[in-house]
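Colleague: Spelled out, the chains give:
Protein chains: 4
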Amino acid sequence: MSEMKRIPVSIIGVTGYTGGELYRLLLSHPGVEVVEIAAKSKVAEPISAFFPNLKGVSEQTIVPIEETSRSGIEAVFLSTPHGAAMDLAGDYLDHGIKVIDISGDHRLRDAAEFQAWYGMPHTHPERLSQAVYGLPELFRSRIRKAGFISNPGCYPTASILAVAPLVKNALADLGSLVIDSKSGVSGAGRKPGPLYHLPECGQNFTAYKIAAHQHTPEIEQVLSDLAGKKIQLSFVPHLLPISRGILTTAYADLSENLSLEDLRQAYRDFYRNEPFIRLREEMNRVSLGAVVGSNFCDIGVFLDDRLNRAIVVSVIDNLVKGAAGQAIQNFNLLFGFEETLGLERAGWLI
Amino acid sequence: MSEMKRIPVSIIGVTGYTGGELYRLLLSHPGVEVVEIAAKSKVAEPISAFFPNLKGVSEQTIVPIEETSRSGIEAVFLSTPHGAAMDLAGDYLDHGIKVIDISGDHRLRDAAEFQAWYGMPHTHPERLSQAVYGLPELFRSRIRKAGFISNPGCYPTASILAVAPLVKNALADLGSLVIDSKSGVSGAGRKPGPLYHLPECGQNFTAYKIAAHQHTPEIEQVLSDLAGKKIQLSFVPHLLPISRGILTTAYADLSENLSLEDLRQAYRDFYRNEPFIRLREEMNRVSLGAVVGSNFCDIGVFLDDRLNRAIVVSVIDNLVKGAAGQAIQNFNLLFGFEETLGLERAGWLI
Amino acid sequence: MSEMKRIPVSIIGVTGYTGGELYRLLLSHPGVEVVEIAAKSKVAEPISAFFPNLKGVSEQTIVPIEETSRSGIEAVFLSTPHGAAMDLAGDYLDHGIKVIDISGDHRLRDAAEFQAWYGMPHTHPERLSQAVYGLPELFRSRIRKAGFISNPGCYPTASILAVAPLVKNALADLGSLVIDSKSGVSGAGRKPGPLYHLPECGQNFTAYKIAAHQHTPEIEQVLSDLAGKKIQLSFVPHLLPISRGILTTAYADLSENLSLEDLRQAYRDFYRNEPFIRLREEMNRVSLGAVVGSNFCDIGVFLDDRLNRAIVVSVIDNLVKGAAGQAIQNFNLLFGFEETLGLERAGWLI
Amino acid sequence: MSEMKRIPVSIIGVTGYTGGELYRLLLSHPGVEVVEIAAKSKVAEPISAFFPNLKGVSEQTIVPIEETSRSGIEAVFLSTPHGAAMDLAGDYLDHGIKVIDISGDHRLRDAAEFQAWYGMPHTHPERLSQAVYGLPELFRSRIRKAGFISNPGCYPTASILAVAPLVKNALADLGSLVIDSKSGVSGAGRKPGPLYHLPECGQNFTAYKIAAHQHTPEIEQVLSDLAGKKIQLSFVPHLLPISRGILTTAYADLSENLSLEDLRQAYRDFYRNEPFIRLREEMNRVSLGAVVGSNFCDIGVFLDDRLNRAIVVSVIDNLVKGAAGQAIQNFNLLFGFEETLGLERAGWLI
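Residue numbers (this note's numbering), protein chains in the order written: chain U, 1143 to 1492; chain G, 1143 to 1492; chain X, 1143 to 1492; chain Y, 1143 to 1492.
Same shape as in the complex, but just chain U (with noise of 0.2 Å):
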């Protein structure tokens, strides 16, 4: 085996949970060399004054965000807060450099519902239409050619794949959707607050904005376009006391009868050949801890036959396949490497 040529990458906001999960996994990554961590006002201070899991493994210098480079580099991550990517995507295409932004900047085609969900006005809603979503299970192709990736949110990759086979395949009464999510604490980020403070949340299980999740329009759009006309649907997060995962459990009304056989059947051909879908037949049952620290999307497809209902369980984690596997993914789908280079590892054991 000859050595394998490494892309130069820059990490934009590394000190986050999504941006340190992608540093560790790309450190371990044989085709990708990252040249540079860039953080907002921090200066000079080594990866691991940060992440203390690091120290020993990397010493490398965070730079501010106002000093990074736009030369001697390939690719970038965008792994800031939401607001931000949106200002800092364009330089980096103009450079010709390739950016995956793993933010909510681009991932929705209108900037006025962008700016009705997110509550804030997007600056550049002519980059809204490059942006190519990075969901490959879906759009693999699209990916392949792209040079401006939008990375799929955490609860829309979790709550997409898990009715994407009913939608394309009009399975489904369309109207029926109704998607309960349920996620650990790090999808709401590294900054404190009191929601997330142990005594408060570590015994406690909290639904949150009901109907009002900035996410809902990203998985209505997507699955919109895979239906061929529009989608509405009900959306409910939860918070659960735990740091990593997501668990959504979906129900879709079925447009005509099926065997609980003929729905497996129908999940199995969508994702044939999908290196991180792992559909679950064995029992009736659905966990999320056999996907934490992996790239995997377990799917368990069950049927309620007195209702002709399917209920469709996904779980992921949502560091992972929801945020920085996931754009790893991308990245080896966007250089020309194996797509599951890097994410080869099996979820961590308990």
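Hints in this document: simulated from the structure, not taken from any laboratory.
Calculated lysine to aspartate or glutamate pairs in the EDC-like style (CA-CA distance at most 16 Å, straight line):
1. X/Lys1351 with Y/Asp1447
2. G/Lys1351 with U/Asp1447
3. Y/Lys1351 with X/Glu1423
4. G/Lys1351 with U/Glu1424
5. G/Lys1351 with U/Glu1423
6. Y/Lys1351 with X/Glu1424
7. Y/Lys1351 with X/Asp1447
With the C-beta cut set under 8 Å, the calculated list includes, among others, these residues of chain X facing chain G:
8. Glu1163
9. Arg1386
10. Ser1436
11. Arg1487
12. Trp1490
13. Ile1492
Non-contacting residues of chain G with respect to chain U, defined by C-beta distances greater than 10 Å in every case (computed):
14. Glu1145
15. Pro1150
16. Ser1190
17. Ala1191
18. Ser1211
19. Gly1225
20. Ala1253
21. Thr1265
22. Phe1281
23. Ala1330
24. Asp1404
25. Arg1406
26. Gln1407
27. Gly1478
28. Phe1479
29. Arg1487
Just so it is clear, the structure is predicted and the values come from calculations on it, not from any experiment.
Where a beta carbon is used, it is the ideal one built from N, C-alpha and C, also for glycine.
With the hints as your guide, set chains G, X and Y onto chain U.
Modeller: Coordinates of chains G, X and Y only, in the frame set by chain U:
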């Protein structure tokens, strides 16, 4: 204040979580004297051997179930595993002792349905029609006159209270009901098993018995009675990595166009003067932390107005309002006490 | 039973965990009426806005500390952060109001030592000698006659109770004491911060302020008084990934050869008739689960006979026996109530 | 880079946590081919039936231990419960296969001591002196030449590494050693039991086997060898409400006056060039979160200068450096690989 008369009672099945919580709560109930506590095959051990929190508080001795008395008590709480209460209830009733069965043995009226969902035949189907379903918010007047109470299941308590105003007032499309429920591990009882082993479940979250949980027909039976017509719904339970608490998210398509305010007013009217129902209108979230340790059921009513779908979130402590506390609430009604007696305390702070 | 006289009291700093737990406990104390609750800069908000468990239980309004009254109350609980009570206590005392300071402001007798460990000067050093240290198991008779109580710290309560029988009876080599203590996160207060952010601490365990915690001189001061000579010891606190509870493991070389039975007898004699001390002799382990939610301090006494070293494990609920409950115990003594009044309940089952 | 030679190995006891973690780690070790995996009485089931994280990663079949082969492998890992490896090791050794025993069967040199602490007789006491204790930081040169490794216990790894520099350099009073250790639940294995049932332990913390844990003589034996004289110490284990990780706090009276800098320099010198030891000098705390998922042992050295007592805190992942990772480290030494091969990854971010 004169000293209150104390009703002598017995608890059968005191070493489980529900029995233990019931005992703990009754210790500070001014209208009860627990004169006998019993468990399977435990001879002459003090209760504190099973619940170390009770050391120095009570050293009452547990007797074997076979040696329990039928004299000197006016009520018995059956806190036994499914399948045991059906053989115990009759003898108590025959001795003129009021029975509160906290198990699932007398909740379904149809013996065939019992067998189908519980996986065992019912040994006394003739008594299924005698037990009054002990959900005071719906059946208070019948409970007051009863001698035999079937205490609701934990999931059904949270589920029925969440949607009863919609069903009773014919506000919802009855075929559209989806109930997505999440419970702490104590709901599975005190017996260790792989699913409840901390390394397996402490950072995990699982959907289980998908569209197959034995609480489904119980919910449907009560709601069908309320609606005056047969209801079937989808019910999916999930296992939270915490000890106590249930949060239920219910979805129902509205049968007419209602504003959020209309919807909330319907709930205010329905639960007016209910001492243990708290409507949560102050923000766009509902947390189970607010009820753990108490007999409250908090309910948040929301509207996905784009889809004209009600989303109702309810939270209870599964061991209190979902079991032992509700049993005491029923006891208070049976014996003419203030309904809240012994249940006045707020939930735990954290 | 005639209605008990209710002492009117005020709580200053009611929105923190200790203040909130104190308020919750006092709601069911038959000898108290909480006539005023105050917090910093919070005007006219109900207590339930800060503690959702209290909704429907109390909607008492919080007043700003600057507007608190000095008339109509007989006692005040100061549940403020360190540095605030020293400026509040005097005025209450001058108005003949009994003061129970739950903060650390009046625990050390030496103002220089206070400044060295708390990092701030003491503004009223003249009052340091007036406050009686409110650990009833050691200083009950002084507390009964006092007008000004300094409520012990959480770590000191667990630590002192663990070793007091050894120190008082001169059974240990006083230079050998090691106290290794572990606390839940609520001990750090309600203010969010990176160390208490669930993803950072939920699966973590940390030793902190190693040989540098401000509770060290408090423990030493009390034990030195007991011994009649100066004691210095090593104290290391650790942060447990749970909300409540402290477990302290204390090590002391014995000054003479004692059997385990001798050692345990010394503890039985020392704590004879103490209502809140439970000696755990039934097995070779001690768990904090047995005391959480109660005012008990459980103590297990062990002997490493190969080394003639006592190992004593104590557990408390840091918010109850380590703060609010002990404050009520002191209050009961100050006002001639039964010492256990309002504190009789067993800890939580699970 | 040419393809590395892969050593064929077998894992016996693959369905426990240590066996499973070992298997997971070896899947990405470039110098190993796991040709056989075995467990008790499990015939022809795939490994993913026991570890759902492995689905789609490996479906290797588990064979019954009785049917394991003695040909075609160069090394065997015995990851069996205590009492099983002593009957398996000999046959492998007789066939010229290198044995790495991860169980406790060959750690103590004295069969009587084994029987006293493990509660069972040793069936092959003649082999106790043959096994080399596999703690590379102390015994690397012996390990390289060995054919039979006894892998250290999890508590002993953390404990010995914490104090070895003090003991080896005669810096401490050897009679003063106190080791207070705290472990996650996975250290107790995969078998469910009341102590590990989530409602019992999820918010609990327990001191257990106080001065009675079977790892005590293992720690003493190794430290006595280092010191050149017999050492006895107090060891108290505690059960943390998390899955993984051990934090050990060790206390030792210094035999001479040392500054903190002197003390830390002694550790730096002792662990110079150790790839898996990280000295944590940057702040006054040590967290186990920094090592979970990795083979690192982080050590923080502190001085209670008022008492001239060293306080050393060490943290490891009990399943990695405390078991499977260290076994791989030993394997690498046995077969001439780079010591860190397959173990380079940083611990988990959160």
